[in-house]
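Q: Below, each chain spelled out in residue letters.
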Amino acid sequence: MKFFTSFRKKSPWILHYNAGSCNGCDIEILAALGPKFDLERFGVINTGNPKQSDIFLVTGPVTYRSRERLVELYSQIPEPKVVIAVGSCTTTGGVFRGMYNVEDGIDQYIPVDVYVPGCASTPQLIIDAIVKALEILENKSKEIEKPFKLFGSVETIGNKLSRLNMAKRVKHD
Amino acid sequence: MIWIWIAFAPILGGLVYGGERVLRARMQRRQGPPFLQPFYDMFKLLDKRTLIVHAPHALLAVAHFFALWFSVAAIFLGWNLLYIVFLHLFAQIVLILAGYSVRSAYSHLGANRELLMLVAYEPILILVAVGFYLVSGSFDIAQIVRGGGYLAQMPLLFIALLMIVPIKVKKSPFDVGEAHQEIVGGVEIEYSGMFYEFLYMARFLEYIFIYSFVFIFAGVSYALGAALVAGVFLLVNLVDNATARVHTMHMVKIIYAVAMSLAIANILWIVL
Amino acid sequence: MLLTLILLPIAAAFLILFSSKYIQYFLSVAVLASGSYYSILLFTSAENVSFYLSSFFNTVIIAADIVLLLYFLYQGKKYNSLKVIVLAAVQLLLFLYIEHVSAGHSAQVVVDGITKFTIEYDTSSGHSAEIAVDELSRFMFLIINIVGGIIVLYSVRYMEDETATPRKKQLFIAAMFLFLSVMNTLVCANSLMLFFFLFEMTTLASYLLIAFRNDEVSRTNALRALWMNQIGGVVILLGVLVAVLGFGTVMFDTLLQHSGGVLFLSVALLSMAALVKGASIPFDGWLLGAMVAPTPVSAMLHSATMVKIAPYLILKLAPALGATLLGGVLSITGGLVFVTASYLALSRFVFKEILGYSTVALLGLMMALAAIGTKESMMLAMVLMGFHALSKALLFLAAGVLEKQYHLKSIEEMSALVHRAPKTVGYILLGFVSLTLPPFGLFMGKLFAITSVASLLRERPLLLIVLVSMIIGSALLVLLYFKVSSALLSNPSDTLSAEEERIPYGFSLPLILLSVLIVGTGAGFIVIQHDALLALLALPLIFVFVLPWIMRGMERYDRTEPYHCGEKEPFDTALIYYEPTIRVKQMIYWSFTLLFAAVAVVGALS
Ligand code: SF4
Chain A
24 MKFFTSFRKK SPWILHYNAG SCNGCDIEIL AALGPKFDLE RFGVINTGNP KQSDIFLVTG
84 PVTYRSRERL VELYSQIPEP KVVIAVGSCT TTGGVFRGMY NVEDGIDQYI PVDVYVPGCA
144 STPQLIIDAI VKALEILENK SKEIEKPFKL FGSVETIGNK LSRLNMAKRV KHD
Chain X
1378 MIWIWIAFAP ILGGLVYGGE RVLRARMQRR QGPPFLQPFY DMFKLLDKRT LIVHAPHALL
1438 AVAHFFALWF SVAAIFLGWN LLYIVFLHLF AQIVLILAGY SVRSAYSHLG ANRELLMLVA
1498 YEPILILVAV GFYLVSGSFD IAQIVRGGGY LAQMPLLFIA LLMIVPIKVK KSPFDVGEAH
1558 QEIVGGVEIE YSGMFYEFLY MARFLEYIFI YSFVFIFAGV SYALGAALVA GVFLLVNLVD
1618 NATARVHTMH MVKIIYAVAM SLAIANILWI VL
Chain V
-15 MLLTLILLPI AAAFLILFSS KYIQYFLSVA VLASGSYYSI LLFTSAENVS FYLSSFFNTV
45 IIAADIVLLL YFLYQGKKYN SLKVIVLAAV QLLLFLYIEH VSAGHSAQVV VDGITKFTIE
105 YDTSSGHSAE IAVDELSRFM FLIINIVGGI IVLYSVRYME DETATPRKKQ LFIAAMFLFL
165 SVMNTLVCAN SLMLFFFLFE MTTLASYLLI AFRNDEVSRT NALRALWMNQ IGGVVILLGV
225 LVAVLGFGTV MFDTLLQHSG GVLFLSVALL SMAALVKGAS IPFDGWLLGA MVAPTPVSAM
285 LHSATMVKIA PYLILKLAPA LGATLLGGVL SITGGLVFVT ASYLALSRFV FKEILGYSTV
345 ALLGLMMALA AIGTKESMML AMVLMGFHAL SKALLFLAAG VLEKQYHLKS IEEMSALVHR
405 APKTVGYILL GFVSLTLPPF GLFMGKLFAI TSVASLLRER PLLLIVLVSM IIGSALLVLL
465 YFKVSSALLS NPSDTLSAEE ERIPYGFSLP LILLSVLIVG TGAGFIVIQH DALLALLALP
525 LIFVFVLPWI MRGMERYDRT EPYHCGEKEP FDTALIYYEP TIRVKQMIYW SFTLLFAAVA
585 VVGALS
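Sequences listed follow chains A, X and V, in order.
Using our numbering, you'd call the opening residue of the first sequence number 24 and step up by one each time.
Using our numbering, you'd call the opening residue of the second sequence number 1378 and step up by one each time.
Using our numbering, you'd call the opening residue of the third sequence number -15 and step up by one each time.
Chain A on its own, in the form it takes in the complex (with noise of 0.2 angstroms):
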């Protein structure tokens, strides 16, 4: 209903996630939600809980112990939802680029809508993220999104997918 939709960006809860970052962007992250920058003004509240949650901010260049959790994490979120990529290691794998085990950059497994740039990004920069994420969220449908990538293999993402539909189950691993 296009009344309650108005209410999306008053209240934007946030799911956290390290997917092997450096913890400095979480800090920043931790300073954002501080009383310093208060990003609770916006109403936003730091869940811990994908079931809940609107915003995914996500840290890390994502390591191969973490790309799993990372999609698990995502197909709970229930729409509509926006993932934020915060700091240059989640954009791009930043100072990681290119190591053995990380896999430069969320957004080759789930859809990313922000971008921040910065190693360690400022918590301004995370605010104004948050602020044009919420832009995006107003606009998005219900619809279910789906995460590019798991391990290469398009059948395993319909796996994945197909317990989010009681219709079609299909009893995984």
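The hints are simulated quantities; they were obtained by calculation from the structure and are not laboratory data.
Do not take every clue at face value.
As the list claims (entries may be wrong) - Okay, derived cross-link-like pairs now, SDA-like style, lysine to any residue, Cα gap no bigger than 20 angstroms in a straight line:
(1) Lys33/A to Leu160/A
(2) Lys59/A to Val1399/X
(3) Lys552/V to Thr86/A
Guided by the hints, dock chains X and V with the ligand onto chain A, whose structure is given.
A: Chains X and V with the ligand alone, transformed into the frame defined by chain A:
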């Protein structure tokens, strides 16, 4: 008139919750969210796609909300205080069953803690009710609010009640049930969208529920009641900002050792 | 009617020995139907019947008693248990001494020598009848015949899956029937000697039935049950002795008409027997050990009927207890047992033991209420007795289903049971909920109990202990039951399809009967309260009825997996136990032993 109050109880609770968020922010020298933030959240939750784990789990949240609403309505209608405490128990058990009904570690931990919280505050609430009965001669709230002088007669019971207010509204040092940093909201964790909204509103009702108990202490004087509620509200938030969370078992021990003995001492004092 | 209640189960017990499976079912249904019919009839007829037993019967009973005690002596020798031997010998001596003493009074006591029962309505002549049916016994008939009958019906099916010879199975069911008739007689016994005999009969029944499986564990537990219950027998005999020496009577009602003198000592001794039979701490050991018996035994003897002798006895003695110090001590003991047993149950993991401990706890509560001795609290004790029998029977029978169909005993093994056995878990949950929550009867009983004790506080401040322990105990029981249900309930997401569960009819019929009874009597209890507000307490229950409807609507929401921090593999939480340290436990036992002794001391002093 009373029915309008009952119908708007969740909204009233929402306003209290919104006010509390602002107050807490101001205490931390922040600007804080808008006053109406809880309602924005509610409307947004309606707009989200709803994912559920299984149907009974989701429905139990709805049941919890309505049972809680029912017990709040019972307060407004001036019913028997004991019945109200047990209706509230019913609502709480529904929530706990919901928490147990999914195979999720956090949900289970949360439900375990809810149970322990129940064990901690339930006896105090009943003892408060018994105190009211001994002083006013009736368990009915309608009867109780016609009397007065409860604060003078049962000051220790009031302190005992004060100690369990943080448990009910999930504030430090007794916010073990929710404990976002530890168990990610406990029983709330598996809910989303519409069904989470019911739990979110249930929290508003908890505010109304427990602050009504504070309000009743004023008896016939509504002004004193309002002052009491406001005072307790401020105090609870102050304590919330100033303390750290205690361990669940310590919470139970503190309540049993301190609040319980205060309550018993007070009742003995009334009786003898 | 009374005779039917007593004789019919005996007849059925004989017939069972020669009948095949189907006739067994038929017989048990017949006994259940006629038993409940007659007990309801008796209950509604509301007239107090009393019988005199002929001296022939009295002699038979004395002989049977001596044989019984000699059998205990023999068993004690056979299994080399000193306690059993000593206690049996003490009882034998006491018994003979009492017979010897009371023979002196026999001119008053023994009457007509006809070998038939003579029915007389209560006359206020010098002595009273050996068998007297009053309101309390009529109520007990209801519990015994309805709940007991259902359990016997269940045990027929239960025995099919047991590994034992057919003969032994038949004997088992026959014993259950016999037990019904023993209980029926016990609750209308007015003669203390008859009461003692039947008390010993129930001890015998629990001894034999606990030892039914005849392995090491059952043997030791059966012997423990035997000697602990014999303590009860000894104190009864002592009480009788005091009564005979002091007042020259062996009748309940004549005894209670007296006042002063050694009355309190006698009453105190008798109520100590109640504490033993009710497995109050420190005697809880025997009831827990009894849980190794086949489940129908646990249901019948150790929760629904036999242990109800404890509150029954206190209720019977309540007119003498009243507002006395002895009554106070007894009710405090009961209240403390309620809290402590609920607390001790929190550390148990065998399902039946948990049920056993909560039985101990609730029996404590009933005794506390009975010992308060006001009209209202006695009524509430009876109400609690009835509802407790129903709920506990349901829980035990469901536990039996789990044991036979799924081979589960410990709650540790029961995780996600709701996925495999949704119906059984439903029954268990109903049992738990009916023990703790509105609008069910047991909860209502507790609620009124709090009200009634609170109203007595001004006159008897000592009751504050009972009140507080009632409140805390109820909270602990909530913790206990729902902690246990946490193990049963955790259900994976709807994404896995659940299996169909089939409970055999022999099991499901008793379960359904009990559930219907629980809901029906609970509703009936609310209705007779004439309190409109109270009925509203049941409103949340409406939700249950619209549930299937809503369920269909739930199809349209998408399903997801629970949150596991993004992991694929689910992880479970362990169950939580709250265990007291050994020192605390010892302290608990010591203080309760002291309290037990205090009952006698208070009785002797007042
Ligand atoms: S962008 Fe730089 S500071 Fe931020 S997480 Fe990556 S490496 Fe660390």
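Q: Please go over all the hints and tell whether each is borne out by the structure.
A: Now for the hints, and whether the structure bears them out:
no., hint, verdict
1, Lys33/A to Leu160/A, "holds, 11 angstroms"
2, Lys59/A to Val1399/X, "holds, 15 angstroms"
3, Lys552/V to Thr86/A, "holds, 17 angstroms"
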